[in-house]
Amino acid sequence: MLNLIFKDLLIQKKTLGFLGLYIIILTLAFQSVGSGAFTSIIIAVTYQLVITAGSLEEKTGSDIVLNSLPISREKIVAAKYLSVFFYGLMAVLAYLIYAALLRLVPIPINIPPITPESLAAAFTVIMVMNGIYYPVYFKTGFVRARIISLIVFFAFFFGLISLFEAAGGSSSHGVLQAIAGFFSSVNKTQFSLMLIGGALIFMLASLILSIKLYRGREF
Amino acid sequence: MENILEVKSLTKTFQDFTLSNISFSLPRGFITGFIGPNGSGKTTTIKLIMNLLKKDRGEVSIFGLDHIRHEREIKNRIGFVYDESHFYEELTVERMKRFIASAYNNWDEEKFRSLAGKFSLPLNKSIKDLSRGMKVKFSLAAALSHKADLLIMDEPTSGLDPVVRSEILDILHDVIQDENKGVFFSTHITSDLDRIADYIIMIYKGEILFNKTKDELIEEHAVIKGPLSLLDTSLKNNLIGIKKGIYGFEALTAGKEAADALVKAGAAAEKPALEDIMLYYTRKENGNA
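Line by line, the protein sequences give chains H and C.
Residue 28 in the working numbering sits at position 28 of the first sequence; the count goes up by one each step and never skips.
Residue 1082 in the working numbering sits at position 82 of the second sequence; the count goes up by one each step and never skips.
Hints may be right or wrong, so weigh each one.
[As the list claims (entries may be wrong)] Capping the alpha-carbon separation at 25 Å, the derived lysine to aspartate or glutamate pairs in DMTMM-like fashion look like this:
1. H:LYS212 - C:ASP1056
2. C:LYS1205 - H:GLU218
3. H:LYS59 - C:ASP1129
4. H:LYS13 - C:ASP1129
5. H:LYS59 - C:GLU1094
6. C:LYS1181 - C:GLU1006
7. C:LYS1147 - C:GLU1110
8. C:LYS1125 - C:GLU1167
9. C:LYS1054 - H:GLU74
10. H:LYS14 - C:GLU1094
11. C:LYS1284 - C:ASP1260
12. C:LYS1125 - H:GLU74
13. C:LYS1147 - C:ASP1083
14. C:LYS1008 - C:ASP1260
15. C:LYS1212 - C:GLU1059
16. C:LYS1111 - C:ASP1174
17. C:LYS1055 - H:GLU117
18. H:LYS139 - C:GLU1094
19. H:LYS139 - C:GLU1109
20. H:LYS59 - C:GLU1084
21. H:LYS59 - C:GLU1089
22. C:LYS1125 - C:GLU1090
23. H:LYS75 - C:GLU1089
24. H:LYS75 - C:GLU1071
25. C:LYS1055 - H:GLU74
26. C:LYS1125 - C:GLU1109
27. H:LYS14 - C:ASP1056
28. H:LYS139 - C:GLU1071
29. H:LYS75 - C:GLU1179
30. H:LYS59 - C:ASP1083
31. C:LYS1118 - C:ASP1178
32. C:LYS1055 - C:ASP1066
33. H:LYS14 - C:ASP1129
34. H:LYS212 - C:GLU1071
35. H:LYS59 - C:GLU1090
36. H:LYS14 - C:GLU1090
In short, the hints are calculated from the structure, not lab data.
Small disclaimer: the values here were computed from a predicted structure and weren't measured.
Model the full structure from these sequences, guided by the hints.
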C-alpha cells in the first residue's frame, strides 16, 4: 500500500518541486481572505497533487500495469484515498516551512496561523471533495472525472473564500453572513470534530463505492 | 501433466466486435504462438485472460486455478510484456523496477541485474527517454525476474529492429528449457514464430481457426501454384484462399492427399511459412474460396 502512495509522490516530483512557489503565490493572493487563507491553500495544493497524479497515470495507461501485477484492486483504490491525507499533511508541512520563511521577509504580509478549526475545515473539505471525485475517477478514468473534480474544487474553494470573507465582515451577502454567524456561535472544537467525523464517514462510504466501481472497470 | 492455461467458451461482445466462444489450451514446456491479423481479437483474448476486460461468458483457468478467484496468486506467477510499455514515464528504470519488485512475492534481484546487464539497460535513465526496444527489454527483464511460470506477451516484437527481436527470441528459447514453464506469444509477425513456436493458435474475426503444433500445421499444408484451368475442376474444392493472376493461381491446400492430387494435375507445391498459412486462411474467411 505504501509503495503505491510513494509511487504517486515520485511520479510528480516536478509538481512537488514547485510546491513552495505555489504556497507563496497563494499566500500573497489570499491576503483578503484572512484566517481562511491557510484552509484555502491546503485545499488548492491537495487538489493540485491529486489531479497531477491522475493525469500522469492516464497519460501512461498505467492501470494496465497495475492490474497486471499481483496487486488487488481494493489496494489500488485504498492507496488513492490514503494519499489524499498524505498530500494534505505535506501541504501543511510545506505551509509551515514557507510561512516561516515569509515571516523573515521585511514586507507586511498577512500569514494566518494554523488553528485547529482551520485545519479541521481544510481536511473536511479535501475529504468531501475527493470523496465525490474518486468514485467518478474509478468508474470512468481521469479524463471525465477531471471535469467533476474541477467543478467540485471551484465550488468548495470559492464558496469557502466567500464564507471566510463574510466571517471577516467583508461580504454583505445575507446567506453567507448567516452561515458565518452560525459558525461563530457554535462550540468550535465540537463542531470541528463533527465536521471531521462526518467527512470521514462520507469518505469511507465513497471508498466502498469506488472499490465496487473499480472491480468492474475494464482497461 | 495439466495444461498451464485453459480457455473454455470465452465470449466477450463489444459494440463492433465479438470474441465468440473461443476455447484453447497451452501445454507446459512449450511456446504457443497466437496469430491473426490486427483486430482479430488477440489483445482482447489476452486482456480477458489477465482480467483487464470482464468476460461475458466462459472459463479461464491458469495453473489449474480460476483466473478471478485466485487472481493475485496467479499474477504472482505470470510475467507480462505488452505492445506498449504503460510504465510511469517520469520514473527511472531503477525506480520502476523497485515498484514492480515490491508487488511480487518471489522477486529475484540477482536475475534482474543479470538481465539488465545482458540488455544494457540504463538503470538511471527515465523510462520516457528509453527507445521502444529498451522499453520492451525492460518489460521482459521484469517479467523474467520473479520466477514466473507463464509468460504472456502481446505483440512484444512489433516495431522492433531484427537485432533486438532476435535477442528477445533467444531469451524466450532459454526460458522454455524449463519444462514447467510456458510462453503465450501473440503476434502478427509470424516469422518470429517460425523460429521458436511449438504450437500455433490462429484467431480471426473473434474465432479460433486452428490450434495445432507448428510442425503439424506446416506438414499438412502446402502452397499450390498452378494454371487457372485447374480452378474449373473439382480440385478447386481443396483450395484455401485462392489468389488469381493473369496466367495462374496461388492458394493453400490442407492435407497431403489434396496436395498430391493437385500436383498430379499439373500444379506445383511448396512448403508454406506460417505467414502463408495465416494469409490464405484470412483470404478464405474473406470469401476467396
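For each hint, the structure was consulted:
1. H:LYS212 - C:ASP1056: Between LYS212 of chain H and ASP1056 of chain C the Cα gap is close to 18 Å, so the pair holds against 25 Å.
2. C:LYS1205 - H:GLU218: 21 Å, holds
3. H:LYS59 - C:ASP1129: 15 Å, holds
4. H:LYS13 - C:ASP1129: With Cα atoms ~17 Å apart, LYS13 of chain H and ASP1129 of chain C stay inside 25 Å; holds.
5. H:LYS59 - C:GLU1094: 20 Å, holds
6. C:LYS1181 - C:GLU1006: Judged against 25 Å, a Cα distance of about 14 Å means the pair holds.
7. C:LYS1147 - C:GLU1110: 12 Å, holds
8. C:LYS1125 - C:GLU1167: Cα-Cα ~21 Å, so holds.
9. C:LYS1054 - H:GLU74: 17 Å, holds
10. H:LYS14 - C:GLU1094: Judged against 25 Å, a Cα distance of about 18 Å means the pair holds.
11. C:LYS1284 - C:ASP1260: 21 Å, holds
12. C:LYS1125 - H:GLU74: 31 Å, violated
13. C:LYS1147 - C:ASP1083: Roughly 22 Å between the alpha carbons, so the hint for LYS1147 of chain C and ASP1083 of chain C holds.
14. C:LYS1008 - C:ASP1260: 36 Å, violated
15. C:LYS1212 - C:GLU1059: 21 Å, holds
16. C:LYS1111 - C:ASP1174: Within the cut-off at roughly 14 Å; holds.
17. C:LYS1055 - H:GLU117: The hint is violated at about 50 Å.
18. H:LYS139 - C:GLU1094: 31 Å, violated
19. H:LYS139 - C:GLU1109: 36 Å, violated
20. H:LYS59 - C:GLU1084: 12 Å, holds
21. H:LYS59 - C:GLU1089: 9 Å, holds
22. C:LYS1125 - C:GLU1090: 10 Å, holds
23. H:LYS75 - C:GLU1089: 22 Å, holds
24. H:LYS75 - C:GLU1071: 14 Å, holds
25. C:LYS1055 - H:GLU74: Cα-Cα ~20 Å, so holds.
26. C:LYS1125 - C:GLU1109: With Cα atoms ~19 Å apart, LYS1125 of chain C and GLU1109 of chain C stay inside 25 Å; holds.
27. H:LYS14 - C:ASP1056: 42 Å, violated
28. H:LYS139 - C:GLU1071: 21 Å, holds
29. H:LYS75 - C:GLU1179: 34 Å, violated
30. H:LYS59 - C:ASP1083: Roughly 16 Å between the alpha carbons, so the hint for LYS59 of chain H and ASP1083 of chain C holds.
31. C:LYS1118 - C:ASP1178: Holds: LYS1118 of chain C and ASP1178 of chain C sit about 20 Å apart, inside 25 Å.
32. C:LYS1055 - C:ASP1066: Holds - the C-alpha atoms of ASP1066 of chain C and LYS1055 of chain C are around 13 Å apart, at most 25 Å.
33. H:LYS14 - C:ASP1129: 16 Å, holds
34. H:LYS212 - C:GLU1071: Since the Cα atoms of LYS212 of chain H and GLU1071 of chain C sit roughly 17 Å apart, the hinted pair holds (cutoff 25 Å).
35. H:LYS59 - C:GLU1090: Given that 25 Å is the threshold and the Cα spacing comes to 11 Å, the pair holds.
36. H:LYS14 - C:GLU1090: 9 Å, holds
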